[in-house]
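Numbering (the working numbering), first residue to last: 30 to 239.
Any given hint might turn out to be false.
Calculated pairs, SDA-like style, for lysine to any residue (alpha carbon to alpha carbon, straight line, at most 20 Å) [as the list claims (entries may be wrong)]:
| id | residue 1 | residue 2 |
| --- | --- | --- |
| 1 | Lys57 | Arg84 |
| 2 | Lys176 | Met186 |
| 3 | Lys57 | Phe89 |
| 4 | Lys57 | Lys176 |
| 5 | Lys57 | Ser68 |
| 6 | Lys176 | Leu101 |
| 7 | Lys57 | Pro230 |
| 8 | Lys227 | Met53 |
| 9 | Lys227 | Ala61 |
| 10 | Lys57 | Ser69 |
| 11 | Lys57 | Thr218 |
Hints in this document: simulated from the structure, not taken from any laboratory.
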Amino acid sequence: MEITGVILAGGRSRRMGADKALLMLEGKPLIAYSAARLSSITEHVVIACGEEERRAYRMFHLPLIPDIYPGLGPLAGLHAALQGSHTEWVAVLACDLPFASEGLFLHMLEIAYGGGDIQAVVPVTSEGRVQPLLALYNRSILPILEKFLSRRQLRVMEFLDVLDVHYVRDSDYEEGPRTHTFSLMNMNTPEDYAAALKLAPLHPDDSSLQ
Numbered sequence: 030m031e032i033t034g035v036i037l038a039g040g041r042s043r044r045m046g047a048d049k050a051l052l053m054l055e056g057k058p059l060i061a062y063s064a065a066r067l068s069s070i071t072e073h074v075v076i077a078c079g080e081e082e083r084r085a086y087r088m089f090h091l092p093l094i095p096d097i098y099p100g101l102g103p104l105a106g107l108h109a110a111l112q113g114s115h116t117e118w119v120a121v122l123a124c125d126l127p128f129a130s131e132g133l134f135l136h137m138l139e140i141a142y143g144g145g146d147i148q149a150v151v152p153v154t155s156e157g158r159v160q161p162l163l164a165l166y167n168r169s170i171l172p173i174l175e176k177f178l179s180r181r182q183l184r185v186m187e188f189l190d191v192l193d194v195h196y197v198r199d200s201d202y203e204e205g206p207r208t209h210t211f212s213l214m215n216m217n218t219p220e221d222y223a224a225a226l227k228l229a230p231l232h233p234d235d236s237s238l239q
């Protein structure tokens, strides 16, 4: 099955106070974790980012997809991801989710290609928090997404509400209970970053990141 892997990078990172993609974790920038993870499931990996970040991200030698709706948040990044891909399904991964597991992505891919009318596969934490920026989306949702953006309807959950979404919980796949919490841990603040620095050495071994 052919998919496109899209790293969602750039953005304002107001609460973090720095470009999250370039923060270092265990000697590697966060965006390198995203690239390694997506490269483990597809040969087609690109970076969706704003114009301001393009120069900094060229060092990673991946195709860069510009935001068509700059400054409009996660939905704009998802739009860039879908617009810049040519495969039926797109795997998106925000750069502030460095612990995303291959097992979770493979499980979501099984669901996506299992038939039916599913338009998105999105994981949910044990507390019920949805993580829409580590997910799979069918490219057929692009017209719906464009309507939301043109109307400046920017709430991700409202967008998901109009899609046929399969939500994945930690009990749904073999390695879920062991890695699900790690996989869905993202970083929005300096405190989140400090926590990730402490947890990184405890992260299950992942040869793709060596």
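Contradicted hints - numbers only: 4
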